[in-house]
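> Using the sequences and the accompanying hints, generate a full structural model.
2 protein chains.
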Amino acid sequence: MASETAKESHGSAHRRPIVRAFELLGQRWTLRILWELRDERLTFRALRARCGEVSPTVLNRRLKELRANAILDHDEAGYGLTECGQELGRHLLALNDWARRWAEQLGTDREA
Amino acid sequence: MASETAKESHGSAHRRPIVRAFELLGQRWTLRILWELRDERLTFRALRARCGEVSPTVLNRRLKELRANAILDHDEAGYGLTECGQELGRHLLALNDWARRWAEQLGTDREA
DNA sequence: TTATCATGCTACTAATTGTGTAGCGTCAAG
DNA sequence: CTTGACGCTACACAATTAGTAGCATGATAA
Numbered sequence: 001m002a003s004e005t006a007k008e009s010h011g012s013a014h015r016r017p018i019v020r021a022f023e024l025l026g027q028r029w030t031l032r033i034l035w036e037l038r039d040e041r042l043t044f045r046a047l048r049a050r051c052g053e054v055s056p057t058v059l060n061r062r063l064k065e066l067r068a069n070a071i072l073d074h075d076e077a078g079y080g081l082t083e084c085g086q087e088l089g090r091h092l093l094a095l096n097d098w099a100r101r102w103a104e105q106l107g108t109d110r111e112a
Numbered sequence: 001m002a003s004e005t006a007k008e009s010h011g012s013a014h015r016r017p018i019v020r021a022f023e024l025l026g027q028r029w030t031l032r033i034l035w036e037l038r039d040e041r042l043t044f045r046a047l048r049a050r051c052g053e054v055s056p057t058v059l060n061r062r063l064k065e066l067r068a069n070a071i072l073d074h075d076e077a078g079y080g081l082t083e084c085g086q087e088l089g090r091h092l093l094a095l096n097d098w099a100r101r102w103a104e105q106l107g108t109d110r111e112a
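Top to bottom, those sequences are chains A and B. Residue numbering for the first sequence is 1 to 112, as defined by the working numbering. Residue numbering for the second sequence is 1 to 112, as defined by the working numbering.
Don't read these hints as lab results, they were simulated from the structure. Where hints are given, some of them may not hold.
Treat identical chains as interchangeable: a pair holds within one or across any two.
With a Cα cut of at most 20 Å, we get these calculated SDA-like pairs of lysine to any residue [unchecked claim]:
#1 Lys-64 with Ala-103
#2 Lys-64 with Gly-26
#3 Lys-64 with Gly-89
#4 Lys-64 with Gln-105
#5 Lys-64 with Gly-78
#6 Lys-64 with Arg-28
#7 Lys-64 with Leu-93
#8 Lys-64 with Asp-97
#9 Lys-64 with Glu-76
#10 Lys-64 with Ala-94
#11 Lys-64 with Cys-84
#12 Lys-64 with Leu-106
#13 Lys-64 with Arg-48
#14 Lys-64 with Arg-50
#15 Lys-64 with Leu-81
#16 Lys-64 with Asn-96
#17 Lys-64 with Gly-107
#18 Lys-64 with Leu-42
#19 Lys-64 with Glu-83
#20 Lys-64 with Arg-20
If you want it as structure tokens, here you go:
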């Protein structure tokens, strides 16, 4: 069970997909960006507005990275999820249900 | 379909749960920590080793935050997921499948 | 033509956050 | 009483993000 430990050289190339995914998604704004694009294309500025006027510096950096990873693409209509990105989007949608229950639980814990 | 737009006052208190979740999960190491704890309890030091010797400063900060949000708890056996955290863990497991397909696709795209 | 406006995006500084290493206080074992 | 592991803090340095200004481009309109 601990046989994986050896593989865990934190080089860069052959890191497990899930870990690479976490590195990508675990950056500020990445999840939010995907969420806002979950069912519509948005222009740079519209997307920025949805994210509470994030710094364009970061937004652009994320967008580039996400495009490089084939999760987003860009056309005249703006930014949007690729097919692969949409699959990811569906997972986020599932997370939404979890989040609601989570928030509810936290709320009741604290009010009582 | 765009009827949600109005709700998007980016105040702070009544932010949608999913957005709060993204703020929490979208911090460096948070997803990874949850992943490493997905099916076993780990001590601080063991967990740190699993995460490639993250700085204990950040690790401890995340652990505190996650505990404050009832996603983790801590006992003599170390850190582990709460019931709520385990549900989240299951979502991450699902993400694992996505990540594999994603990596595969990226790989073939580039080799060709 | 010139003015207006929105678009995507870059530049630059300040503030926040993360990294890396050392090490403290506590405990159990030798 | 040394040794080692534990959870964790301190602190200086590096990297990332925030916040704002503004440019180049293209469309619209006077």
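> Decide, hint by hint, whether the structure agrees.
Cross-check of the supplied hints:
1. Lys-64 with Ala-103: Only across copies: Lys-64 and Ala-103 sit 18 Å apart there, 32 Å inside one copy, limit 20 Å.
2. Lys-64 with Gly-26: Intra 16 Å, inter 18 Å, cutoff 20 Å: intra and inter.
3. Lys-64 with Gly-89: within (18 Å within a copy, 29 Å between copies)
4. Lys-64 with Gln-105: Classified as between; 18 Å across copies, 37 Å inside a copy.
5. Lys-64 with Gly-78: Only inside one copy: Lys-64 and Gly-78 sit 13 Å apart there, 39 Å across copies, limit 20 Å.
6. Lys-64 with Arg-28: Close inside one copy (14 Å) and across copies (19 Å); limit 20 Å.
7. Lys-64 with Leu-93: neither (23 Å within a copy, 27 Å between copies)
8. Lys-64 with Asp-97: neither (29 Å within a copy, 24 Å between copies)
9. Lys-64 with Glu-76: The answer is within: 16 Å in one copy meets 20 Å, while 44 Å across copies does not.
10. Lys-64 with Ala-94: neither (26 Å within a copy, 26 Å between copies)
11. Lys-64 with Cys-84: Within one copy, since 16 Å is at most 20 Å while 34 Å is not.
12. Lys-64 with Leu-106: This pair counts as between: shortest inter-copy Cα distance 15 Å, intra-copy 36 Å.
13. Lys-64 with Arg-48: Cα proximity of Lys-64 and Arg-48: one copy only (14 Å, versus 31 Å across).
14. Lys-64 with Arg-50: within (18 Å within a copy, 29 Å between copies)
15. Lys-64 with Leu-81: within (13 Å within a copy, 34 Å between copies)
16. Lys-64 with Asn-96: Intra 25 Å, inter 23 Å, cutoff 20 Å: neither.
17. Lys-64 with Gly-107: between (37 Å within a copy, 18 Å between copies)
18. Lys-64 with Leu-42: Classified as within; 15 Å inside a copy, 36 Å across copies.
19. Lys-64 with Glu-83: within (17 Å within a copy, 37 Å between copies)
20. Lys-64 with Arg-20: within (16 Å within a copy, 24 Å between copies)
Taken one by one, the earlier hints fail for this structure at numbers 7, 8, 10 and 16, listed in ascending order.
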